Amino acid sequence: MSVEVSPDRFGLAGYATCFAGIAWREVLRFLHQRERFLSALVRPLVWLFIFAAGFRQVLGVSIIPPYQTYVLYEVFVTPGLVGMIQLFNAMQTSLSMVYDRETGVMRTLLLSPFPRGFLLISKLAGGVVVSLLQVYVFLLIAYFWEIELPIIGYFTVLPALLICGLMLGAIALFMSSVIKQLENFAGVMNFVIFPMFFASSALYPLWRIREANPLLYEICRANPFTHAVELIRFAMYGRLEPVALAVVLACTGAFLTAAIYAYNPSKGMLARRGEAG
Amino acid sequence: MTPPASPPPEAYALHVSGLTHRFGQTLALDNVSLAVPRGAFVVLLGPNGAGKSTLFALATRLYDNVSGEIRILGHDVRRQPMAALKNLGVVFQSRSLDSDLSLQQNLIYHASLHGIPRREAKHHAARALATVGLAERAGDKVRALSGGQARRVEIARALLHEPTCLLLDEATTGLDVASRASVLAMVRGLVAERAVGVLWATHLVDEVDEEDAIVLLHKGRVLFNGHGPALLALAETQSLRTAFLRLVDNARGGAAP
Chain A
1 MSVEVSPDRF GLAGYATCFA GIAWREVLRF LHQRERFLSA LVRPLVWLFI
51 FAAGFRQVLG VSIIPPYQTY VLYEVFVTPG LVGMIQLFNA MQTSLSMVYD
101 RETGVMRTLL LSPFPRGFLL ISKLAGGVVV SLLQVYVFLL IAYFWEIELP
151 IIGYFTVLPA LLICGLMLGA IALFMSSVIK QLENFAGVMN FVIFPMFFAS
201 SALYPLWRIR EANPLLYEIC RANPFTHAVE LIRFAMYGRL EPVALAVVLA
251 CTGAFLTAAI YAYNPSKGML ARRGEAG
Chain B
1 MTPPASPPPE AYALHVSGLT HRFGQTLALD NVSLAVPRGA FVVLLGPNGA
51 GKSTLFALAT RLYDNVSGEI RILGHDVRRQ PMAALKNLGV VFQSRSLDSD
101 LSLQQNLIYH ASLHGIPRRE AKHHAARALA TVGLAERAGD KVRALSGGQA
151 RRVEIARALL HEPTCLLLDE ATTGLDVASR ASVLAMVRGL VAERAVGVLW
201 ATHLVDEVDE EDAIVLLHKG RVLFNGHGPA LLALAETQSL RTAFLRLVDN
251 ARGGAAP
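Chains A and B supply the protein sequences, listed in that same order. Everything in the first sequence is counted per our numbering, starting at 1 for the first residue and increasing by one. Everything in the second sequence is counted per our numbering, starting at 1 for the first residue and increasing by one.
Looking at chain B on its own, in the form it has when it is part of the complex (with noise of 0.2 angstroms):
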């Protein structure tokens, strides 16, 4: 999971090098590296205020990163912005479908941001939307659903256009448990289905399974890049949620649990 100096940037689904970023003299991310290789399923795991969402606006472009790289498929985001997005899908933290409009209207909306003709756009619409299970639903307002039918439209919606990587930020925010289960299991069996590189961000650690490729973030810097059984070995545990707990502290200079 940590790049390695062999395979080029464009291996990969995602591929952030050295990435810095300041909000006026608050330090948000410091010199943070991680890469997702294509069909990987990857965690950046971090408590709140860690960097993960900012981390997921320069890699949407929302605003620019002045020092640093991230490239999609090997496109760089801030020199090729349209060849880096048009490769990437996005689930945000917060609900970001239309809820005045159908959900049929919230994806052909969106296909068409991506250059989808409105009559492809319909079918892509009416498979996306067989994948989550909500096919019968395609007619519906969005804000007849539920926190979790919201969810799956969005990561429908994500998945509309065919991205190579799709970025999920605490997509699981505001779910019931089931929902939740139902949401990350999804996820997972698209990354095998469809060979996508999935960054999932999450505050939650029971939301990673222990073979799971983990990079773990911390006040803007990368704690721990490596996969599970790596991270427990290193916190000298048997279990993630305290491995997570005690690298923090340690970070903090806190007392480990």
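Extracted from the complex, chain A is given alone in its bound form (with noise of 0.2 angstroms):
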């Protein structure tokens, strides 16, 4: 038996090696909790099927970009719906890591001698990835809901979905280091999810909202999920929104950086917590 690993596992084709492992369990979870399937597809479908309904007859949308004639609310509410899907589930992904923390799965992860900061993003690639499942069974669903999209903006629409997912796992990913048991989980429901969903324009137009109350346009323009859904409802027609986009990678890197902190061995939460993984 060999005593010393050969040095090429640690070499280029290591790290994809590594990066792969983890998407594929990631993935393999994900298809094995089928009731996790389920309901990631019911919860954007209701709104869909019964909220949105319900709401075109109430809520008028006058033409604003990318559209370029009145659409029926169901069109509008679609990329929101779709942050929704990868909203939540970044929020299981965080979950998930607060679970393998307290079961100590976790720290087979932390234990790779591949750098941490490669690990927890290739974590987050793999949650995108199972994100991009969602969204295109939905995007399935809805098309035959008369939900239908140029059919460029299916694949426009992939490099958004790619950086949104990043956006939204890397916040994951620094909450999921800051949460210190699985059951303060809740009150990221209520402090983070719902604010950041309904403070957005995944559910009305920002015009709307400035009708209503100018103090809660601001917030909902201050709010990363937002540019989330604008630069996803854009891409989905084959446009670019530069601003959405420029919001969304500086808020990727400024989360993905805070979470490689507080994961750090030597200056993050764990340390100063000296939790035992």
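Source of the hints: derived by calculation from the structure; they are not laboratory data. The reader is advised that the hints may include incorrect statements.
[What the hints assert, rightly or not] Estimated spans, in silico, between C-beta atoms of each pair:
#, chain 1, residue 1, chain 2, residue 2, range
1, A, Leu133, B, Ala185, 42 to 48 angstroms
2, B, Asp176, A, Ala16, 41 to 47 angstroms
3, B, Arg22, A, Thr257, 33 to 39 angstroms
4, A, Ala222, B, Ser94, 54 to 60 angstroms
5, A, Thr257, B, Thr26, 26 to 32 angstroms
6, A, Pro159, B, Gly139, 46 to 52 angstroms
7, A, Ala20, B, Ala135, 22 to 28 angstroms
8, B, Gly133, A, Leu133, 33 to 39 angstroms
The structure presented is a predicted model; accordingly, all values stated were derived computationally and were not measured. Each residue gets a CB set at the ideal place from its N, CA and C atoms; glycine is no exception.
Using the hints, put the two standalone chains together into the complex.
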């Protein structure tokens, strides 16, 4: 039996193997948890089939970019529901990281010889792949509900989904380092997910919010999730929204840096808490 | 077992020197030094709260040591984590397998964390499961295993990337007497078979053989570092249990049994 581990395991191919392995586990776990897959789909579909249908008559949507004509409320709300899928998936990832930390599974990941930042980014990417699966199944069902995007939109939305998934995943990753116990996760639902979702342009256009409450309008504009939704909305029609892209990229960088710092063995919160993992 | 002046740190699977660690105001480890030569079985014996898990957390770089040094095959865990951790296998006190995945999937996932390609990983996983006598259960979910079987899988996983240093933190926790004996015998066998240096942390004196190398840890301090006979002589008794209790009680300032 060889004692020394061959060094090429830790070359470029080794990094690729590690990345693929972490992403593969995320997808495998998701596919094994059928209830999670079902609830991830049912949630936005309920909003699309019931909420949007009901609000169609109440909420008028004027012609605003990227739309070139009046659109049904279901069409307007679709990018918001795609964002919702990614938001909930990211929080699910955060929840599973807290769970992994409590059960000790996280230590297996952190024990890998690869740099910790790389491991966390790989974990993040695995979560994004899972969210893409959910989004495309949702868009397929929405297609049969007559929410038809331009064919090119199904492709151009992919990079936007990747970037938004990374941003929401980075926020979730940071939160997982701050949340001490699984029980505290209810607070995350109340104070992070719901405010992020409702104080955004996911369900109503920003001009409507400005008419109703200028302060709320400013809050919505400052919400990174608003920019994620707008990036997705424009990308669905083959267009780029530069401000949204800049905000989403900046937030991704900021939260990812914070998360990597938090998981840093010498500086992060684990070290300060003396957590055994 | 005490690190002598002559052999360099790379001669040891694990070499800890002058390790002190605090959590806030609490002193968890106080100037701890110990060494595990390659192909040796060393018992880290200590009551609950002695600092065994803190030592493991630092050796596995869950967080960094501030003072002192931890070397695995001569590589400093803090300064050269990649070189150090690739030679390290660990079995944690709490279960750390993914119960939703099969035994083989768990092992392949672990292999990927060490850069082992999938095809090679399947081969390694089959061999590792055969070593622990669970080859026929490769496709079963982890949740279907008994406590003893899950421990065996964790040991198989820890050996998958062929480490030179193996750390086991209370590896027999929650196991019945037969499973405990079986796991312990298996690990002792690996030491002879594969020349792996093993640090076996436990609070159970009956897991220690009289001839074993023993590091006795209490409240973050090393009370004894040597072989069983020396411990018995120091405590002036013929029983390891009595010796353990006597030294711990002395350290507490209590009456010796």
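| Looking at the structure, which of the earlier hints fail to hold? | Numbers 3, 4 and 6, in rising order.
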